[in-house]
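J.: Protein sequence lines, in the order shown, are assigned to chains A and B. Here the first sequence stands for residues 551 to 964, numbered as in our numbering. Here the second sequence stands for residues 551 to 964, numbered as in our numbering.
Please keep in mind that the hints were generated in silico from the structure rather than gathered at the bench. One should not assume that every hint holds.
Any copy, or any two copies together, can satisfy a pair, since identical chains are not distinguished.
[What the hints assert, rightly or not] Below, computed lysine-lysine pairings styled on BS3-like, alpha-carbon distance capped at 30 Å:
| hint | residue 1 | residue 2 |
| --- | --- | --- |
| 1 | K601 | K736 |
| 2 | K600 | K887 |
| 3 | K887 | K687 |
| 4 | K963 | K689 |
| 5 | K944 | K736 |
| 6 | K814 | K846 |
2 protein chains.
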Amino acid sequence: MAKKKTTKSKKSLPAVEGNMLIAQSGGPTVVINQSLVGAVLEAKKHASIKKIYGALHGIQGILDEDFIDLGRESVKTLEAVAETPSSALGSVRKKPTAADCAAIFDVLKKYNIRYFFYIGGNDSAETTHIINEEARKAKFEFRCFHICKTIDNDLRQNDHTPGFGSAAKFVASAFMGDNLDNRALKGVKINVIMGRHAGFLTGAAALARIYEDDGPHLIYLPEHAFSMAQFVRDVKRVYKEHGRCVVAVSEGISDSKGTAILAKLSKEVDSHGNVQLSGTGALGDLLANEIKAKTKIDRVRADTFGYLQRSFPGIASKVDQQEAREVGRQCVLCAVKSHKDGSVAIKRKPGKAYKIYYERVALRSVAKETRHMPAKFINKDGNDVTKAFLEYVKPIVGPLPAIGRFKGVPVKKK
Amino acid sequence: MAKKKTTKSKKSLPAVEGNMLIAQSGGPTVVINQSLVGAVLEAKKHASIKKIYGALHGIQGILDEDFIDLGRESVKTLEAVAETPSSALGSVRKKPTAADCAAIFDVLKKYNIRYFFYIGGNDSAETTHIINEEARKAKFEFRCFHICKTIDNDLRQNDHTPGFGSAAKFVASAFMGDNLDNRALKGVKINVIMGRHAGFLTGAAALARIYEDDGPHLIYLPEHAFSMAQFVRDVKRVYKEHGRCVVAVSEGISDSKGTAILAKLSKEVDSHGNVQLSGTGALGDLLANEIKAKTKIDRVRADTFGYLQRSFPGIASKVDQQEAREVGRQCVLCAVKSHKDGSVAIKRKPGKAYKIYYERVALRSVAKETRHMPAKFINKDGNDVTKAFLEYVKPIVGPLPAIGRFKGVPVKKK
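Given the sequences, and given the hints that come with them, work out the whole structure.
T.: This is the structure we're talking about:
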């Protein structure tokens, strides 16, 4: 269990009086509402925060003045929503222009909003940063915070991010079952995992291994240049050894020039410049067809785990839930007591035991650019994770389903 | 909770003395090991059953004399395996020839096997039936039973089959999360569900609906001729109403001539004559591309739930686990006490309360042909299930994750 340490409070800022607005942005997670509820419950404790509004569908809801009154939700409802996957306020993928920001400030002034919280990943941190910078230029005074989340675990400054642990638990659990399925009916099984630029979630598949022969036998990450020829060689080698092969592949695997393999098949781009990689089985089918064409293996299957990774209910990581809640709470504490803006990052203390603490960091330090898996987490062939990664990820994911196996005493042939 | 009634025991047959062989066949489920363990634990109680062997990978393991001694597994291990998804003895998809049967009998004689149990779906029931008929011709005397399982729920004679309830729970849970994801980031989301000829599993997606606007908004089943034109019209209508649309589609949807839509894209066929429909994202992508081409909706995604439906650990339906265990136990009881051959079917008593009983049925009555969703479970437009289906499926699946939602009091616009 995580030992908590609160962010250092400078207590240098007087609390401002006014209303609060909170919204959610980017890809949902199964614990994003924990952060929302953590922030709302903390806000209720502070006399300086008057009304607590939620904007529907991120900054689009601000532009449309589409707010709900979160102060009128019961604790029971708040707790029920906290346990519920996906963004309860709705989400959006929208990068604000200078004109959008001006319109946003008009709305914030009209509703006397002096506390603004935006829950999201690196694109949402960029949005928060843009709004904060524009506000500075416009001399609009408010407290402006980004509350971190992303299943991709690719936010700078953070040891890990809320949402990742639960998504990683889903992926590891799925591989546990799928490995057993592949052990029963042998063949090559390729599973495509979310993670545009960072391989953390794909790497978490390695937690599924319990016995010597368990898959995933191969893991391909966006951080290591993907070679189709090496992939085919790797699969052949594993198949020869085990008579089967389970593969974990990130949706973001890229060639040596850095072009995503799937990007060649996809044309859709959002306002942050991201190419659509999820919501299609194309990459899995492409890789399966390559194995069918280049080997004599007759049973080759591919699954793309898709949106279930960020939305499957009922199996959230407990540590992830607690940390997501706390990050929301800490952001409100910072905004009331110590800082005008920022994001609260999860940091880990060195040492064997899992101990984390929360630290306010500058918005620009988490915005836009993504964090990648460090080299020490990837094996030298670029087809697996290391023991260091497993030690890193285990406490964030927490307990996994128990898997039994027969002793399997062979009967002497007659 | 299911009220149990044991199969009527004629007690007309004397128990034969000899060894027992059990094996698993066809697609795994998350409770198939419950049936295996139920049979093994019951067998241990009967003096007439001496050794308890498990054949690895179904009848292939018999032909190869690839047996393990299940009598040497501890109760602790047996219980751990019972809770573990996928076929612990390995599986196979193989239809035996007359020559295979002769070879099988040679092996059974050599190991003094007088009790044979084969856990599987309708193809495995056919295999059991073929072996039983060939044994009769060859005057080989043994007790020969099929133990039912299939996530497709398409075994004749059965109200429902072990494995279905847990797969249905996975599908319903997945739709709960995915519906929330689609509510946060609107668009069209198409999810492809397993089920070659029967729509039960796809229909179970409807259990995800809690609130008025919840998806799945459309459900397409193999039992109703699929029209691409109607599909596009349906999606447009729902999208106009809700600003979003979540669709459940069976992998086995077929055109008015009965040809599976996906079969046109797939060439792989197994020895039972089944075309490969799973392990590819092709159908989802085909349908998503059709919506993109024929509408102006800009966000269209497709996921194929794939093998996770039959293998995801840790969330099995309790009722399903209990019934799977009991079906294995009942087959052994029948074999020892009352019948030379057969399968034990799950029957449901009429009435509002969920009450089932177990009944021995003839092998030929469950072999080969599949059961379909009755017309009363499908709405007249062929794009949804009925209330009767929901009442049918609910008790088999059991409790689903709790989903919270804000009261959402709108803030008056200024």
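J.: All hints are to be evaluated individually against the structure, with a verdict given for each.
T.: Evaluated hints:
Proximity of K601 and K736 under a CA criterion of 30 Å is satisfied inter-copy only: 28 Å between copies versus 59 Å inside one chain copy. In this assembly of identical chains, K600 and K887 lie within 30 Å of each other by CA distance solely inside one copy; the values are 15 Å within and 75 Å between copies. Only within a single protomer do K887 and K687 lie at most 30 Å apart by alpha-carbon distance; the minimum there is 23 Å, versus 87 Å between protomers. In this homomeric assembly, K963 and K689 come within 30 Å of each other (Cα to Cα) only across copies, at 24 Å, whereas the closest approach inside a single copy is 85 Å.
In the homo-oligomer, the alpha carbons of K944 and K736 lie at most 30 Å apart inside one protomer (28 Å), although the nearest pairing across protomers, at 33 Å, exceeds that limit. For the identical chains of this complex, K814 and K846 are neighbours both inside a copy (27 Å) and across copies (23 Å), given an alpha-carbon limit of 30 Å.
Violated hints are absent here; each numbered hint is respected by the structure.
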